[in-house]
Each structure stands twice: as structure tokens, then as C-alpha cells.
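If you read the protein sequences in the order shown, they are chains A and B. Each residue of the first sequence is one higher than the one before, starting from 1 at the first, in the working numbering. Each residue of the second sequence is one higher than the one before, starting from 1 at the first, in the working numbering.
Treat the hints with caution; some may be incorrect.
[As the list claims (entries may be wrong)] Listing some non-contacts, in silico: residues in chain B with all C-beta distances to chain A over 10 Å:
#1 Asp37
#2 Asp71
#3 Ile197
#4 Glu218
#5 Glu260
[Claimed, not checked] Listed below are the simulated DMTMM-like cross-link pairs for lysine to aspartate or glutamate, each with C-alpha atoms no more than 20 Å apart in a straight line:
#6 B:Lys308 x B:Glu48
#7 B:Lys302 x A:Glu53
#8 B:Lys308 x B:Glu42
#9 B:Lys190 x B:Asp163
#10 B:Lys308 x A:Glu53
#11 B:Lys308 x B:Asp21
#12 B:Lys105 x B:Asp71
#13 B:Lys302 x B:Glu233
#14 B:Lys302 x A:Asp131
#15 B:Lys29 x B:Asp121
#16 B:Lys84 x B:Asp113
#17 B:Lys190 x B:Asp255
#18 B:Lys147 x B:Asp208
#19 B:Lys305 x A:Asp131
#20 B:Lys305 x A:Glu11
[To be verified] Pairwise CB distance ranges, derived in the manner of DEER restraints:
#21 A:Leu12 x B:Thr40: 43 to 49 Å
#22 A:Val206 x B:Tyr259: 47 to 53 Å
#23 B:Asp79 x A:Val228: 47 to 53 Å
#24 B:Glu48 x A:Val206: 37 to 43 Å
#25 B:Gly188 x A:Ala198: 54 to 60 Å
These aren't lab readings, by the way, just hints derived from the structure by calculation. Note that beta-carbon positions come from the ideal geometry of N, C-alpha and C, so glycine has one too.
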Amino acid sequence: MTCLKAIIIRELLRFLHQRERFLAALVRPLVWLFIFGAGFRAALGLSIIPPYETYIRYETYIVPGLCAMIVLFNAMQSSLSMVYDREMGSMRLLLTAPVPRWWILLAKLLASALVSALQCVVFLAIAWVFDIRMQWGGYLALLPALFLVGLMLGAMGLFLSAMISRLQNFAGVMNFVIFPMFFLSTALYPLWRMQENAPHIAAVVVWNPFTYAVELIRFALYQRLEPVALLWVCVCTIGFFSLSLFGYDPKKPFSKAKVG
Amino acid sequence: MKLNTCLAALIALMPAAALSDEIWVSNEKSDTISVIDVDTLEVVKEYEVGERPRGILFSSDFRYLYICASDSDAVQVLDVEAGKIIHDLPSGEDPEQFALHPNGKLLYIANEDDAVTTVVDTETHHVIAQINVGVEPEGMAVSPDGKTTITTSETTNMAHWIDTETNTIYANTLVDARPRHAEFTTDGSKLWVSSEIGGTVAIFNTSDQSQIAKIAFEITGVHPDKVQPVGVELNADNSLAYVALGPSNHVAVVDTATYEVLDYVLVGRRVWHMAFSPDGTKLFTTNGVSGDVSVIDLATNKAIKSIKVGRFPWGAVARPTN
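Work out the full structure: start from the sequences and follow the hints.
The structure is reproduced here in C-alpha cells:
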């Protein structure tokens with residue numbers, strides 16, 4: 001428990017002390033919301049898809065996807081810090097703590113999910129000021145969804161950090177993980193649009209776990225539960241977490257990366 | 001004994017529970033009328049009517065619905081209790097919109113193809129008069145005191161002021177291109193006229209027919225050509241006006257004191273006309289191309305739901321049931 005507390009406090013402190021990082025995490029989705037949103041108004045077309053009950057603006061459509069983006073970037077940043085910790089040696093300190101390894105990794109996950117949720121709350125508050133508003137119940141229902149998505153993407157980040165040996169390789173993660181995941185999802189365009197214009201891409205979108213993260217958040221914002229998305233997110237969380245446990249096991253290292 | 005009491009209680013409760021206000025909508029292409037329950041926001045009934053129903057309104061006691069069946073060249077009368085058409089009224093050719101005189105007896109019908117306004121007695125079913133007006137008459141309104149009837153003609157671009165005693169035009173006012181709808185304020189002192197192609201709404205002083213103001217609309221991200229005002233509705237205290245802006249898919253909210261547009265609400269495609277819920281908290285808009293009715297919550301000016309109805313919904317009217 002002390003270990004959990006320490007990791008969460010460390011993560012929160014890191015978050016609070018790095019103002020630039022906080023600002024960057026906030027500016028990124030806001031740029032999408034106001035600039036991309038204004039330019040791509042026509043991308044949505046006019047149709048009603050669940051969970052929406054009426055016609056919506058494009059800005060309203062991308063809000064859940066941008067929340068998921070915040071969580072995704074934060075999870076990746078957190079995994080980046082794992083690589084950093086490993087290079088700098090503070091990982092060794094953590095891993096020698098007298099608690100099970102899975103507990104340390106889980107604590108790390110919980111901490112980063114918490115930080116992501118905080119960032120999303122600030123983002124949604126700014127969107128609210130600009131008249132992109134949901135019902136209060138939606139904001140409440142969103143919190144557990146955000147947390148769960150935070151765990152899933154965090155677990156994925158952990159898994160990646162187990163595979164990456166050097167900090168420099170992180171640029172590759174940006175190129176080959178974050179961008180494809182984000183663009184090949186329903187964050188920016190509804191699935192039916194993709195199926196109409198690019199059926200092959202749509203087929204990928206359907207298998208992308210990030211799509212389900214976005215949809216879980218989207219439905220939660222409208223106080224609805226999307227069971228398929230929930231199942232996918234849970235399965236992926238467990239899957240990625242197990243893989244990263246395996247990856248961080250010093251006896252069976254996943255890659256040639258050396259822990260410590 | 002106990003069961004009987006329960007049953008009696010149930011029966012006593014049932015009609016009360018079943019009664020909720022309704023919005024009736026005419027569907028131009030499916031030749032039907034859809035009835036929406038204001039509380040559940042669902043379609044509860046659908047009636048088959050004549051061809052191309054457009055303008056609809058209720059008799060003052062809400063027992064009958066009058067329907068402009070444009071392609072049947074008739075105004076049909078639907079008995080609300082019985083749920084069927086009981087007879088047709090003579091209407092002249094291609095009736096599109098109409099207005100009921102406050103006496104509840106006379107219907108003033110715009111005959112789009114004939115350039116006339118027909119006056120029909122709903123009791124005797126006779127045509128009382130036909131008044132020559134401009135080309136393609138459409139918008140119709142009767143002043144609250146019953147002395148003046150307005151016809152707007154789409155091609156002549158005029159609002160014609162008709163004296164209801166003599167059935168003659170006593171004034172004409174020019175408006176912007178293609179006027180489609182006219183609406184009096186509750187006190188009858190002002191008249192609102194929307195111009196579809198002109199993209200404006202003009203407000204006239206009814207005492208001297210002078211123009212008080214003209215409102216233009218501008219929606220971010222929507223081409224100005226698509227801003228085509230059609231339906232105009234004023235809320236109960238006349239403090240706000242709602243203007244349906246056709247293919248721009250928005251409804252404008254206008255402050256009637258300053259004539260400034262306060263807000264634009266996104267609804268379905270090609271919004272034609274609107275009706276308030278009887279309690280005045282919601283506005284129902286007919287969206288022709290998307291085939292649905294959007295419900296606007298007037299407290300927040302946000303569309304909360306769009307309800308599928310028949311094909312090409314056009315007219316809307318509220319029916320209070322309490």
C-alpha cells in the first residue's frame with residue numbers, strides 16, 4: 001500500500017511540476033477541437049448514430065476521441081518515463097522494493113490513469129466554456145470509463161516499454177503506435193463514413209482496441225453503456241498487462257533489454 | 001371485493017395516464033400524418049390522408065384537424081376522436097397553407113397554382129369568396145382581431161393585406177424574394193414575414209404597414225445561399241421568435257425586442273416549420289429531407305432528440321389534451 005501511495009504521489013508530483021507537459025497535454029486536444037474541428041465540419045455529414053439522439057456538430061463528435069487521445073499520450077509518456085527510469089537506474093530501486101513486481105506495475109498504471117483522468121476533466125471544462133456541453137450524469141459516467149481506458153492504454157504502454165531498450169526508440173513508438181492507433185479509430189470520423197469511403201481501412205478500425213476505448217468514452221458521456229466496447233477494453237487491459245508482466249520478468253526478458 | 005376496488009382504481013387512473021400532449025406532423029411524400037407524444041417523444045399514431053399534405057391546423061376546439069392535401073386539391077377534415085377523414089372542404093387548386101379566422105368558422109386558403117386566396121366556411125362547406133392575389137400565394141395569417149388576412153405571394157414577392165369584411169386587398173407591401181410564411185404577434189400589432197430566397201425576415205407595423213426591421217442570418221460554416229427562412233413561430237409572451245432556416249439545417253432564435261439573433265440551433269436537414277409543445281418548454285421542427293422531427297429544449301436552446309416520422313415532414317401543430 002505504501003508503495004502504491006508513493007508511486008501515485010510521485011506520478012502526480014511529476015505531473016504538477018512539469019507545467020509544460022501539462023500545458024502540452026491540454027493544448028494538443030484543444031488545437032484539434034477548435035482548428036481541426038472548424039476545418040473538418042463537413043467530415044461528419046448528417047446522420048444520427050448511437051449514442052446520439054439528434055444531429056450534432058463535428059466539434060461535439062470529436063470530444064470523446066480527444067479525451068481518449070489525452071489518455072493515449074499520457075499513457076505513452078508514462079511508459080516513456082519507465083524507459084527513462086530504467087536507463088537512469090531508478091527502476092532498480094523500485095524493483096528491489098519488497099513488494100511483488102505486478103503490484104509495482106499495477107500501481108504505476110493506476111497512477112497514470114489517475115493523471116489522465118485529471119487532464120480530461122480540465123479539457124472538458126474548457127470545452128464546456130466554449131458551449132460543448134454534456135449532461136452532468138454523462139460527466140459522472142465518464143470517470144470510470146476514462147479510468148478503465150487509462151488502465152488499458154497504460155498497460156499497453158508498459159508492454160511497449162518492456163520491449164523498448166533505449167529512449168531514442170520512443171520516436172518510433174510515436175510513428176508506429178500512437179498515430180496509427182489514433183487515426184485508425186472512430187475518434188475523428190464515424191465508422192460508417194470509413195466503410196463508405198475506405199472499406200479496407202474500416203476493417204482495421206473495427207479491430208483497433210483504441211476504437212473501443214473511444215466508443216466506451218463516447219457512450220459513457222451520454223450515460224449509456226456499450227457492452228462490446230467494455231468487453232474489448234477489459235480483455236485488452238488484461239492482455240497487455242499480462243504481456244508486460246512477462247516482459248518485466250527478469251528471468252524471461254521479452255526483448256534483449258536489460259532491466260536496471 | 002378487493003380486486004374490484006383495485007380494478008376501479010386502475011380504470012380511474014388509466015385515462016389520466018394515457019393523456020399527454022401531442023404534436024401532429026404532415027408528411028408531404030408519404031401522404032400521412034404522424035402523431036408524436038410530447039412526453040415520450042415517440043410517434044404514437046399515423047393516419048393516411050390525401051396526397052401531399054402540407055399545411056395543417058386544428059379547429060379551435062381541437063376536435064378536427066384541417067389538412068391541406070395539395071395534390072388532392074382539397075382541404076380534408078380529420079375527426080380526431082374517430083381517427084379518420086370525415087369529409088373534404090372545397091379549397092381551390094393546390095392548397096398549401098391556410099389560416100383559421102378567430103371565429104373558428106372561416107378558413108383562408110392560399111391556392112399556389114391559381115394565384116387566389118379562397119375563403120371557405122367550415123360549417124356550410126361553401127366557398128364564400130376568392131380573392132385574386134399575387135403569383136404563387138403561400139403564407140397565410142389572420143390577425144388576432146380577425147379584421148385582416150395576410151397572403152404572401154412567392155413570385156410577386158409581396159404581402160397582401162386583405163380586409164376580411166369586404167374580402168378585398170387594402171394594402172400590398174414588398175418583401176424580399178419568395179416570401180413563404182407570415183405570423184402575427186399575439187396583440188396583432190406586428191407582422192413577421194419570412195423570405196426564403198432573400199434570406200431575411202421582415203417585421204411590419206400592422207397599423208400603417210410600415211417596415212420596422214429586417215433580420216438577416218449568418219451561420220458560421222454555412223454558405224449564405226443555404227440560409228432560407230421559412231417557418232416563423234413566436235413564443236407565448238412574444239419575447240422570442242424562432243425562424244426555421246431551411247437547408248441550412250438550423251433554427252434561429254431571435255430576440256423580439258432588439259431583433260438580434262441570439263442563437264442558432266442545429267436540427268435535421270431542410271427544416272420547414274415548427275410547433276411549440278403546449279407547455280411552451282419544447283419546440284418541434286419538421287426536417288423535410290432527413291424525414292424527422294427535431295425536439296429543441298427551449299431552456300438550453302439545444303436539440304435533444306430527432307424523431308423519425310414519415311417521408312418529407314412539412315407542417316406541425318400542437319394538440320393539448322388536458
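Hints violated by the structure (listed by number, smallest first) = 12, 15, 16 and 20
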